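S.K.: Letter by letter, the chains look like this.
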Amino acid sequence: MSATGLYTACGLVLFVLGLHAVFARRDRMGRVLALNVMGGGAFLVLVSLGARGPRLADGRPDPVPQALVLTGLVVSVSLSAVALAIPERDGAAGTPPDDHAPPHG
Amino acid sequence: MSPAGWIATAILAPLVTGTVAFAWPRRATLVGAIGASVATLAALVLLAEAWASPLPPVDVGGWPPPLGIRLEVDGLGAAFLVVIALVATTTLLAARRPSSPVGREGGLLGERAVVPLWGLLWGGLAALACTRDLFNAYVTLELVTVAAVGLILSDGDRGARRSAVDYLLASTAGATCFLLGVGFWYADTGTLAMSAAAIPPAGIAPAAPALMVAGLLLKMAVVPLHGWLPAAHGSAPAPVSAMLSGLVVKAPMYLLLRLAAGETGILARTPAVLAVTAVLGGAAVLWGSVQAARTPRLKLVVAYSTIAQIGVMALALPLAAASADAFAALAWFALAHAMAKAAMFLAAGDLLRLVGHDRVAELAASRVRPALAYGAFGVAGVALIGLPPSPAFAAKWTLLAEAVALDAWGTVAVLAAGTLGSAVYVFRVLDAAMAASEDVPPRAGTPADRWLALLPITLALGTALAGLASGAILPHLGPTGPP
Numbered sequence: 001m002s003a004t005g006l007y008t009a010c011g012l013v014l015f016v017l018g019l020h021a022v023f024a025r026r027d028r029m030g031r032v033l034a035l036n037v038m039g040g041g042a043f044l045v046l047v048s049l050g051a052r053g054p055r056l057a058d059g060r061p062d063p064v065p066q067a068l069v070l071t072g073l074v075v076s077v078s079l080s081a082v083a084l085a086i087p088e089r090d091g092a093a094g095t096p097p098d099d100h101a102p103p104h105g
Numbered sequence: 001m002s003p004a005g006w007i008a009t010a011i012l013a014p015l016v017t018g019t020v021a022f023a024w025p026r027r028a029t030l031v032g033a034i035g036a037s038v039a040t041l042a043a044l045v046l047l048a049e050a051w052a053s054p055l056p057p058v059d060v061g062g063w064p065p066p067l068g069i070r071l072e073v074d075g076l077g078a079a080f081l082v083v084i085a086l087v088a089t090t091t092l093l094a095a096r097r098p099s100s101p102v103g104r105e106g107g108l109l110g111e112r113a114v115v116p117l118w119g120l121l122w123g124g125l126a127a128l129a130c131t132r133d134l135f136n137a138y139v140t141l142e143l144v145t146v147a148a149v150g151l152i153l154s155d156g157d158r159g160a161r162r163s164a165v166d167y168l169l170a171s172t173a174g175a176t177c178f179l180l181g182v183g184f185w186y187a188d189t190g191t192l193a194m195s196a197a198a199i200p201p202a203g204i205a206p207a208a209p210a211l212m213v214a215g216l217l218l219k220m221a222v223v224p225l226h227g228w229l230p231a232a233h234g235s236a237p238a239p240v241s242a243m244l245s246g247l248v249v250k251a252p253m254y255l256l257l258r259l260a261a262g263e264t265g266i267l268a269r270t271p272a273v274l275a276v277t278a279v280l281g282g283a284a285v286l287w288g289s290v291q292a293a294r295t296p297r298l299k300l301v302v303a304y305s306t307i308a309q310i311g312v313m314a315l316a317l318p319l320a321a322a323s324a325d326a327f328a329a330l331a332w333f334a335l336a337h338a339m340a341k342a343a344m345f346l347a348a349g350d351l352l353r354l355v356g357h358d359r360v361a362e363l364a365a366s367r368v369r370p371a372l373a374y375g376a377f378g379v380a381g382v383a384l385i386g387l388p389p390s391p392a393f394a395a396k397w398t399l400l401a402e403a404v405a406l407d408a409w410g411t412v413a414v415l416a417a418g419t420l421g422s423a424v425y426v427f428r429v430l431d432a433a434m435a436a437s438e439d440v441p442p443r444a445g446t447p448a449d450r451w452l453a454l455l456p457i458t459l460a461l462g463t464a465l466a467g468l469a470s471g472a473i474l475p476h477l478g479p480t481g482p483p
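Chains as they are written, first to last, in our numbering: chain A, 1 to 105; chain B, 1 to 483.
Keep in mind that a hint or two might mislead.
[Unchecked claim] Reference listing, derived: stretches of chain A covered by chain B, where coverage requires no fewer than 3 residues with Cβ under 8 Å from a Cβ of chain B:
no., region
1, 24-30
2, 43-49
3, 53-66
4, 69-75
5, 78-87
[Claimed, not checked] For each label pair, taking beta carbons as the anchor points, the in silico distance ranges come out as:
no., chain 1, residue 1, chain 2, residue 2, range
6, A, 63, B, 110, 35 to 45 Å
7, B, 52, A, 3, 47 to 57 Å
8, A, 57, B, 458, 52 to 62 Å
9, B, 64, A, 59, 21 to 31 Å
10, B, 465, A, 5, 32 to 42 Å
11, B, 98, A, 63, 31 to 41 Å
Quick caveat, the hints were computed from the structure, so don't treat them as lab data. Here the structure is a predicted model, which means the values were calculated and not measured. The beta-carbon is built from N, C-alpha and C at its ideal position, and this holds for glycine as well.
Isolated chain A, as found in the complex:
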């Protein structure tokens, strides 16, 4: 397998591992990390597929997948920050909204 083929395969593995962990884990930090691993896998696939694709006139690789990944990184970091900034001071994991709390419209 070529180098870029290896990277693509690794990226897919990371993606699947991350996807599983996001839904399987119960702790906030673990799920956010899983989301980042998933994102990292997707970015790796994008970049390695871009490296295999057609090149620019002067031999540099296609810049579009790299632009996509850069934007994706920014989005990923921002969302991770939001997810981690929410404090965990509510009830136990998996409690549905309180059926007896007074509603407020």
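Assemble chain B onto chain A, guided by the hints.
M.R.: Positioned in the frame of chain A, the structure of chain B alone reads:
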């Protein structure tokens, strides 16, 4: 102003409004109202222009795609812009009423964040309506998610934080799935456009459309990927839930429609993906309807109703891919549902506020019968079930006719069952209003606020009556070719 100017206004006005409202919190409501008016005006102008003749695309900054962003408004996009404007304005007005709890009940984000987040959400949705490339769609969807999460957090309910995090994680997982699909798509076709014309004669691996659709289904809360929705929509304050169920889950549906646009849609070449979507949609219709009929809490009835109606949209997707009439009908259904659902949540919120509790079974026993709130809920219910003259009636009629023509009897059966199911859960709530009682004023301390009931009833009536114009509107909602 040129169309490019109006497109820029439609997207920038809400964003600028949000920024100004954040810097000037004392006048946030006024700033919000002005910004909403400007953005609604831009949407209406674009509707008039796009429906008269095709508008040219706009390359932001003059940079061409794929590295540049191309904005384009067609008939369907303009209609979506107008619906976004109507729902966002109505729910913002409801959220900013002095007696509304949004941002005022000790949530993580206080009152200062409400109008800015509304502006961000609106701006993101408007940008999605104007975009025709896959990656820009991804970015706008994420923007919408962040704003929606922020709005859920403006509520003090204990469950709100948990459900906000669940929603954020599920939505981002879906978005990453979508992004991976876009990566494969670009590797196979060399373009980010949503057009089947880009597919090389040898075809592409089905992984790209499959991943994109899977990501969108997760964001839309189609069964079995729906776990996050009832808690998130049920625990947020009513105007926020109205935005969430009305517009935020519509955004991935709009994108799905674009992907399934007949001959030129990406999904036309992958019938397997369409078939799976329809099956999951059917399951969502049945499961959502049953849960809505069983759940004890009023807001959860409306939230499960969203799951069922999103299921109808997913179920009808193959029909939309097969015929332009069905495509327009599904688009009309989705747009009308956005307005009807928002009205229903606002009505439910007002009902809750006046009756004092959330339990459907005890609504009839309550001595308080707020007529306007029940009326608003009823009219919104009419629009939701699809009774004439509502748009859903015209839309479902066309979809059923298409399903019969294609011998898709499973689809026909589920559509019928779903309609019956929606009648069951709507009447379940209205039943409480029909029981005899004396006219009792709301409990002491609840401020009387006619606006909180007038807003939903206006939106609901407008939606229900808009069906009368279906004949004039449907031709403009058809799938259009590649830009």
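S.K.: Could you tell me which of the numbered hints above are not met by this structure, giving the numbers in increasing order?
M.R.: Numbers 1, 10, 11 - these are the hints that the structure violates, sorted from lowest upward.
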